[in-house]
Structures are given as structure tokens and as C-alpha cells.
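Protein chains: 4
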Amino acid sequence: MIVVMKPNATKAEIDGAVDKIHRSGLDVNISKGAETTIIGVIGDKKKIANLQMNMMPGVEKTVRITEKYKLASRNFHPQDTVVDVGGVKIGGKALAVMAGPCSIESQEQVDEAAEKVKAAGASFLRGGAFKPRTSPYDFQGLAEEGLKIMRNSADKFGLKVVTEIVDKDDMDLIGAYADVFQVGARNMQNFQLLRALGRQSKPVLLKRGLAATISEWLNAAEYILSEGNPNVILCERGIRTYETFTRNTLDLSAVAAVKELSHLPIVVDPSHGTGRWEMVRPMARAAVAAGCDGLIIEVHPHPEQALSDGDQSLTPKNFERVMDEVRSIAAVMGRTV
Amino acid sequence: MIVVMKPNATKAEIDGAVDKIHRSGLDVNISKGAETTIIGVIGDKKKIANLQMNMMPGVEKTVRITEKYKLASRNFHPQDTVVDVGGVKIGGKALAVMAGPCSIESQEQVDEAAEKVKAAGASFLRGGAFKPRTSPYDFQGLAEEGLKIMRNSADKFGLKVVTEIVDKDDMDLIGAYADVFQVGARNMQNFQLLRALGRQSKPVLLKRGLAATISEWLNAAEYILSEGNPNVILCERGIRTYETFTRNTLDLSAVAAVKELSHLPIVVDPSHGTGRWEMVRPMARAAVAAGCDGLIIEVHPHPEQALSDGDQSLTPKNFERVMDEVRSIAAVMGRTV
Amino acid sequence: MIVVMKPNATKAEIDGAVDKIHRSGLDVNISKGAETTIIGVIGDKKKIANLQMNMMPGVEKTVRITEKYKLASRNFHPQDTVVDVGGVKIGGKALAVMAGPCSIESQEQVDEAAEKVKAAGASFLRGGAFKPRTSPYDFQGLAEEGLKIMRNSADKFGLKVVTEIVDKDDMDLIGAYADVFQVGARNMQNFQLLRALGRQSKPVLLKRGLAATISEWLNAAEYILSEGNPNVILCERGIRTYETFTRNTLDLSAVAAVKELSHLPIVVDPSHGTGRWEMVRPMARAAVAAGCDGLIIEVHPHPEQALSDGDQSLTPKNFERVMDEVRSIAAVMGRTV
Amino acid sequence: MIVVMKPNATKAEIDGAVDKIHRSGLDVNISKGAETTIIGVIGDKKKIANLQMNMMPGVEKTVRITEKYKLASRNFHPQDTVVDVGGVKIGGKALAVMAGPCSIESQEQVDEAAEKVKAAGASFLRGGAFKPRTSPYDFQGLAEEGLKIMRNSADKFGLKVVTEIVDKDDMDLIGAYADVFQVGARNMQNFQLLRALGRQSKPVLLKRGLAATISEWLNAAEYILSEGNPNVILCERGIRTYETFTRNTLDLSAVAAVKELSHLPIVVDPSHGTGRWEMVRPMARAAVAAGCDGLIIEVHPHPEQALSDGDQSLTPKNFERVMDEVRSIAAVMGRTV
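Chains as they are written, first to last, in our numbering: chain W, 1 to 337; chain C, 1 to 337; chain U, 1 to 337; chain L, 1 to 337.
A few of these clues could be false.
A pair holds if it fits inside one copy or across any two, identical chains being indistinguishable in the list.
30 Å max Cα-Cα, derived DSBU-like pairs, lysine-lysine [claimed, not checked]:
hint	residue 1	residue 2
1	K20	K156
2	K6	K156
3	K156	K68
4	K168	K11
5	K6	K168
6	K156	K32
7	K148	K70
8	K47	K6
9	K317	K68
10	K11	K70
FYI, nobody ran anything at the bench for these hints, they're computed from the structure.
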């Protein structure tokens, strides 16, 4: 931590600040500039994390220097992490493509979707059985019935299942059907859920919160990792900005940022990231070109009949077209689909 | 819902859109302007909520007209709601002031804080026993030990207890000590927690999410109300913007907006809302002048020793000064403290 | 400036960074922590401003410590600035109230507005003769005709004139009629306009840009001040956020921030800040309670006929009510209206 | 425009609203739903643009339906626009690559940059002679001297010149040296500058404002187009969000949005868009995959000595690598570099 003193800070104020740092069991390094004195705080990271200096007289501001996450950081784990989902890899040479309807509605619907997305090259079936919805009056998902349907379809067509968990009490139930737990944007800082998922070993797809910084996101991943589960996959799904044309603003620079700051694999969700099906194709291409490790895309056999998010779902035919283009971009990136 | 057709939409496209609406069991009202045809959708609100039109050929965009929340809406409940917390009212003539340390650290600390805030005019003791923290390595609270300390202090000095719940499994435990459950910004859309709190009757202080719209916030309140608990108090605590000087941007216009849209009482948290103790005083005054029903303020007997958020905590002496000024503003507003 | 090295930075990389700083004519202060080495850069502010370190090998990030503005800073000018507009003060004990229609439309309209706002306690007539509008097809203002109308009304009723300048070529023309130049949010970083206004002596009301940080805003003020004109009044008018219920998000904490960082007076515009006339009253009260030095409010004798921004304009009667309430809050603040 | 009445609006209130619309010379289409009455306003676009309904009793809100821009809209001009810059096309099959230093510093610097970027495949030399800087104390550019240097280098190596204009008074001067005028983000709504550029015929590269919506951006383009200059190129350069890791958040979905809404070509600036040179490569690839028509990239022969924005500038060698990768992605997109 750096403590910046006010230009007119008195000697007594500087001494007071230094004294407080010393009493906290920390060391200082003082740097007197032309106008400003700056105090560098040295010592135990945990003590620094709890040090509060802004209310001390003469202090202008403090600047925190180091990130708190460690297990998620590339600094301490330079090698890329590859998550293995029953033989299917996320983070390796092959892109992981997850596709399927927003909500699970019926076996017929999911079978149709699963068959088509498998044929087009997806290796994961995505779909919601427990849906977090803005209004309590919206469709909330089929629960266990939905999980069964997904598992059936997935087994029939050779896919893995990724589905959202919104309540840690559902962990065993969902775990009995799914291969990957998805944590949605609204729950990115539901720390109890993260800890619970960290105490088991199935992979977790951690979506970025609606207004989460990359640092907060990696700290959220740290909650899972620090409990012992190393199988975390990050998912960029758009952030909230002032723009209203798109549902969210898909932040593809987060892919490059995560690749620099962390070793964890990252997939991109262009469906929620834009909220407009016509934009899924260009954004899927762009995400792969940016260097992501996979895509998660909403595909519904009949989007016009979808119970949720039909506006952002692709038809199987449009998904096929996306996959064709993604495949070409992936080849340029030295990757396969 | 309004469906706006593209300027060059064909008759077949317009007919197709109308047909889909009819097949969904809804009626239309067609309005042909010079350039654009607009289709108003009429009928059952739930059917409209699930209608997806953006993927239909010729459709430019859709505009949703009505809010989904009902029990939280002033349209259907014109009278102000007053929440009664064991005889202390929130939403009536008297402002409810909640004060205390960010984290509960020791009986001595809390007693000192409680005595002082009571003397200055607070009627609620606030403090965290279960702390949601960005990093897993930060201090996470004293749990039940902290709850006991709060209850002790509160009883000693005649205060009510408001404290955060982060896990629905803790509901009975916290409920045994607290008078009001607080739901933090990170959990505003933790719908399982909201539902659980809706199925009991203790009041709930629902903080606005970091990047939640007012509409989403009122829909979150609806989750509690729709389960049967009418005792919801809203709390504005600052939203996330691009500005970095303050920790958050305190949105006082939300007070006026909530007063227009809803009958629920609203309190303001200038401590988290700014993240800077020097700003708590002016923002507390402004919040009362904007028409809020109460304040929640961090007060620590020794902010420089606080285990969390010391930078935004007031000393008891500064809190007293805030209360003096708030009292004068409240008088102008026809309210008491 | 602080240069933070990566945890695994080599000695050669640290030496390389230090060497570059030395070659830039600057000194260093090195602080070796457990994990990270931090280099404090000391010396001439201008040289530091132009130092680029992020592309040096081993550098994790750089943190700029000091603000670039000086004349606008309270650190170097502790006393509050009071701007004198022909005898009417902005920044002193009395609040400056500026009121009038968004656009100047006719002599009759402005006379009616001017008479009413003067009677209610305003000392400035505001109104637009040159309007910056999002679309080229919107009403752009009456230009010189509008200026004449304003001057007439203002003289008739004893008011000062504040009006927007959007083009430095209009400076003489507008200066012939107006007492205060207003720079709108869209032009906050139109540096040529700011410089031109700095080279004359009439006061300038500088609105905060739509997405400007407080630091950028004070740097924009510095453009005017550094050319020799000390008469700058800041104006908070709402910032752009994700919230759509209000037109902008009025950031009243900016009032407290400006009071801490700068000596310049600050007024608040609750009309543009919210975009909703029903919110002007609570936000005007809150702004005064937050400590602002004045208000700028849209008042139109017949808002339902206004050529622009009628939705956020008050009737004279509503304005009177605002003024009554503002007066009571001002009294508590030890100020007059 | 759609006028949404409150659920409890009286017949008199509905009649009053309709009456006001009729008196404005417009027609209505009334749609009575179960809860809410909605009034569609039909008639002359300009009259609707000036209609103000929110202050009418019983009105809940109004929704504007149609965009105001016309010449910029694909609805009225389905064919892609290709801008011809002395034989070099922007918007056609070939991607336009613009590269060069942020600030023009010396002939030697620019020659070195120009030679290298030409060799790597750029067809435009970019560079700033007039720099809009946040602080008045930062380097403001070499002015005409800088323009001469650029022209020299460009002619020597067969490049076109694109450079920023910040003051309409400089139009003839800059026009004497440059092939394309660049309007920076801070001036996107400097309407006087836009109009002036619309009254001449040289192409204009219009950067998106820091917090501009896509709609505002296209309306800004409309200012140029409506004065008679059809040669507008849009440039996405990152928007302001809460994220601090990157300087801005590059919004690549804007590329897809612009392609849908408008016929104008769009280029992407990954240098300002991220503010970090390591991110330029992945974001350049992603931009091309998203479907942009060109790139504008900062290249400095010695970024560590740059007078501005060195942190985001590429070395010529790194630029070459970017171009190699961009070329492969472009090929997949059916385009050339």
C-alpha cells in the first residue's frame, strides 16, 4: 500500500501516519518529493489488507498495490489450466462449445436442440432447469424434471451437461445430473455458494457479474480455488453500461485481460452478452479471434416459442452457420472445434 | 408491449407478426404511421411477459410498457407503508437512524459504539457478524459470537438490531438475535434468500444492488412481498459508475424515484455510498432533504483500528455532529429524529 | 508516480526501469517488499507527466499520484473563491439561483418567466439561444434574437443573464448580452472554447461532462484559469449511468468532493440532472443540504408548450414551491436565498 | 411516440392528453388494455420530436419509437457506403489500416514509423499535430510543423494522412496537408465542428464519444451528412465503464450494431480502446472478425520515448506481428489487407 500525504501535511501528521503503520506491525519506506510525501507500506500482506489510513490527519489518499487473489493468478501459476470434463478438455487446443436452449422446456425440445448442436460441433449441452429471473412472476424452470431431460438428451447424443445452480442446497441434486455447475452473473459474489462448490470437485463455470471488475471476478474464482477445487472456468457474458441497443456490453478485452492475469480458461457467451440473435455470429467470431477457450451459445429449435430469451436464441440452422465461421477463425488461431 | 416494425416491412411481415401475437392468445391494436407500423399487444400480462417478437421478420424492436412488480407498486397501494420493528417505526414521521460498526469485533467495541449512537439519537444498532468480502482472505465476521455481542449491547442501551444475512441457512440463527434482516447489495438478486425471507415475518432491509436499476430493485422486493412478508425497507447505498474518487456514486434521486413508484420506506447509507468518512455528513443531510425515511451510518469508536471499512466510519463525536445537522434538516422536512 | 514491478521481475528488469527513469531526468526511491518491488519516481512534475513506463519489461503497472491541476486545487488556494457577477455573488453566503426556460422562444414567454422567477427569489435568468441538440433536425435556438430577448427581460426585472456558448466565434456576440457564459456538458473538453473563455474575464459556468470524472472536470476548469480568468463556477448536472428511469444520475456527492478538492463555487442543475420535473423539488433541497452554492433550474410559463425539455421544466408556481423549501434548507445551512 | 397512461388515469386525463396531441397537429391511435391505456401518436416526425407529454396529468411515461437520423440509416440507404480517399477505399473488400504515432514529434520519428507501417501493410499514416489533452500542462502537439512532417513522410512512403481537427478555424490549414479529418471522442458532439466538416468534401473519421450511445453517434454523423458531405467513416475507440484495468472498454458489438443500423464504414481503434499495448493484438484480430472495415493503431518507433500514449503504442516489430495475424483473419472474412 502507498499512502499519499497532502502537499501541506505537517511533520507531525507524517510522523503520526508512520507511527500508526509501525504499530500495525508493518514497515515504511518514505519518499519525499518536491510537493508530496509518499509512504510505502511494507510487510505482511494480510496486515496491509486490514490497514486503514484514509482517516489519519494529513493523508490525501491511499493506493492499494497488489491483488488479493493468489491461486487464480498467473504470477504464481504461469502454466495454462486445462479443465477435464470426463475426457472433454476446456482450455486446451480444442475450443469447448456449449449450446442449447435458455430454459429446458420438454424432452422433445431438448432432444431436437441436442441432436443439432452435436452435429454442428458442440460438445456440451447447456440449458436452465433453475432460472434466476428478475420478476417472481416469470417462468422459473422445470427443476429436477429439467435436469432429467438434459441428462437424457446429453447421453443420447454424446454431450456433457452444463447447467446453472442458484442454491447450494441443490448441489447434490444437480450434481447427480450435470457435468459442470454454472454460477450465473447474479451469484458471482454469492460467496456461500462459491465456497460450497469449492468443497466438491466438479468443474464450475463462473460467469462474470453484471458490474464486476476483472479483479473482483478473479477474487470470486479464488473463493472456489481456495476451498480446494481447481476446476474453474471463467465466462465473460457482457457487462452493464449506459448503452441500451444491446442487452449488455460484451467485453472481449476481458478475454485478453484474463489471459494475462490468470491461468484459468475463459469462455464467452455472445447470446447474453448482446441479447440479440443477429449479433451472436459476429461476436462469436470475434471472441475466438480474441483468444477465448470456448463459447456458450443459446440455441432453440423454435426460438419464437421459447419460454425465455427467445430474442437472443439461434435456430439450429443459424448455429450451424456460426460454427462454420468459428471453425475458420479457430483454424487461424491454431485451434480446433 | 409495443412491436415496432421496420420502415420497409412488407404486408406479409406485418401479418406474420400479428398472427404470432394472436396465436399466443393476445390481441393487437395496429397503428400505421407515415413511415412505421406499430403493433400494440393487448391482453394477459403473463402471456405478454413471455411473448418473444424480436426474431420475427420485419420487426425493428419491441418496447415493454408495464412493470412486472405489483405488490411493491404505489399504483396498487397508494398509502405509504410503515414498518413496525417492535414499536419503532420505519416510514413514519420519525426518521429511523441505524448506526454502528461495519464489523462486530468485541463486546467492548460494540458497547462503546452502542452507547454513543443511542445518546446521539439512533434507534437501531447496525453491525456485521457475517461479512461478504471480495477476497476469501479478508476478515469474514465473528458469526454467532458477533450476533450475541450485538444483542447484548442493543438490549443494554435500548436499541434494535439490524444485521446482514448472507445465507438462508442462517435465518433461524440470525433471527434469534436480530430485529431486522439486512440483505446486502451483492445478494439483491439472490432470489432463494429473498423468498426465504418472504416466508417469515421479520422486517427485511433490502439494499440496492451495485448496478441494479430501480425497476430490478423493486422486482427484488416483490420476491419478498409475494411470499407474504410485507415488511420490506429499501436501502440506497450507492451504485457503480466510472467515477473513482468515491467508492460508489450515491444516487439520491433514487429516493425520489422510489417515493413515486413505490409505497415502501427507503433509508440511505452514506457510508458505503461514498466510502469516505468526510462525505458522510453532507450526504446524510442531503439524503434527509431528498425525503428518505432513515439513515444507516457506520460509526466505530476507533475507526483507525477497524477490521473493515474504517475509511468510511465516523467517530462517535463526528456522528453526533451529523445527527445535529440531520435533526435540523429533518425539522424543515416536518420530521423528527 | 509509482512503478509497481511484477512479483517475478528480475534484477535486470528493475535496473532497466530505474535506468529509464534516471535518463528522463528523474530520481527514484526503491521499496522492496516481500513479493513486489515498488519504485517511487521523484522530481519535476512535467517530466513525470510525460514518463511512460508500462511497456518496460517487468513492469506490472504504474500509479499516478498527483493531480495535474493546480490553480483549481484547494491545496494551493485554501480560501473559497467568490465570483462577482456585477454585484451578485456566487460562492458567498447567499445561494445563487438561476432560472428560466430551456430554450428562448419569445419575448412574451421570457418576460413571463423572468417576472415569476425574480419574484420567487432567483437572481439569474437562464435560457438557451444557441442549443446543442443531439439531432440536426431539432430546434437549434433563436441565436442573437434570443440573446436580445433575454437581455430585455433580465433588465426589465433586475436579473443577470447566463446563457450557453457553443462556438468560440460567438464570444463577442454573446458577451454583448450575457453576464455569465455557460459551457455545456458536451463541450466540457472543447479545449479551444475553454482557452478562449480564459482569455476574457466574464465568469464561466462550467458544466460537468456527461461521463467526466471530477478530476477531468477540474482539469477542464484549469484550462480557463490558466489563461488568466479566475471566474469559474462549476455546475453538476448529472452523469451518465446504466439507470434509465432518470435522464441522468445527479451526483450530489460531487458537491462534497469539489468542496474538498477545490475552492471554486459549485451550483447544481436538478432539471437536467434528473430529466423529470417532479424530481426537481427533492433534488434541489438535497443539493442545498449537500452544500452547493446555487441552483440552476428550468422554469417555463407553459412547459407543455416548450420547444425543448418541457418534461423537466417547472411551472412558475412549482418553482415558487421549490424556492420556499430551498429557503428553509438554506437557513439550516446558514445561508440565504 | 407512445404515451403510456397511469393505470388509474381518469377519462378526463386521457381526453386531456389526446386533446394536447390534436392541438399539436398530430393524430392518435388509442389502445385500451386491461390495466393501461396507451396512446400512439401519428403524424409529422418533426412535430412529434417537439411534443412534450410527460408533464400532462395521468401520463406515466412516453416512449420515442423512431430514430431521428435518416441519411446515416441503413433503412433509407441499404447499400454499404465506400469512402474513396484518393483511390484508397474504406468500406470495400480491402481493410483500411491506419497506423502511426500518437503525437507527431519529429521528421525522423515519423519517417521511421511511416516506412515500417507501410511495409507492414498500412495505407494511412495517423498522427496528432493538434492534441486535445486532459490537462493544459500536457504536450499539445506541434501544430502546422507536425502537419508538414506527416505530409512529407506520407508522400515519401505512399501513404494517406489522417489527423485530428479540434477547432474549425484550423480546417483550411489541416485540409492543406491531410487526406482525412479525424474528429476525436471529446468532440463527437461539437456540432459546430461537425457542421463545418459537412460543408466541405474531405472524408471525416468520426470517433465515438466516451459515453455516447450508438444512436447519438449516428446522429452526430447525421450532422456531417446533412450538410452535404457523404464521406463519413465511424471509429469505435472504447467507451467509459466502471472497469479500471483497461483505459476504456472496447465495444466490438458496436461494429455489428453499426453494420445493422447504418451503411457507413466503421474502423476500430484497439490502442485507445484498451490503453495497453499487449492487448492491441488480440483486439485487432477480434475487431476484424467482428466485421470492421479497418483498424487505426498507434505505432511508435520507440514507444518508451513517446511524448504521449507510449503505454498503448506498438513497436514496428509488434505491429508487423499484428498485421500478419490480422491478414489471416481477414482472409477468413473474405477480405484483404
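Tested hints:
1. Proximity of K20 and K156 under a CA criterion of 30 Å is satisfied in neither setting, with 65 Å inside one chain copy and 33 Å between copies.
2. Taking CA atoms no more than 30 Å apart as the test, K6 paired with K156 passes in neither setting, with 68 Å inside one copy and 42 Å between copies.
3. Taking the closest pair of Cα atoms, K156 and K68 never come within 30 Å of each other, the shortest separation being 44 Å inside a single copy and 39 Å across copies.
4. For a Cα distance limit of 30 Å, the shortest separation of K168 from K11 qualifies neither inside one copy, at 54 Å, nor across copies, at 47 Å.
5. In this homomeric assembly, K6 and K168 never come within 30 Å of each other (Cα to Cα): the closest approach is 48 Å inside a single copy and 37 Å across copies.
6. In this assembly of identical chains, K156 and K32 lie within 30 Å of each other by CA distance neither inside one copy nor across copies; the values are 70 Å within and 49 Å between.
7. Proximity of K148 and K70 under a CA criterion of 30 Å is satisfied in neither setting, with 38 Å inside one chain copy and 34 Å between copies.
8. Taking CA atoms no more than 30 Å apart as the test, K47 paired with K6 passes in both settings, with 24 Å inside one copy and 21 Å between copies.
9. Proximity of K317 to K68 under the C-alpha cut-off of 30 Å is found in neither arrangement, the shortest distances being 45 Å within a copy and 34 Å between copies.
10. In this assembly of identical chains, the alpha carbons of K11 and K70 lie at most 30 Å apart only when taken from different copies (23 Å versus 37 Å within one copy).
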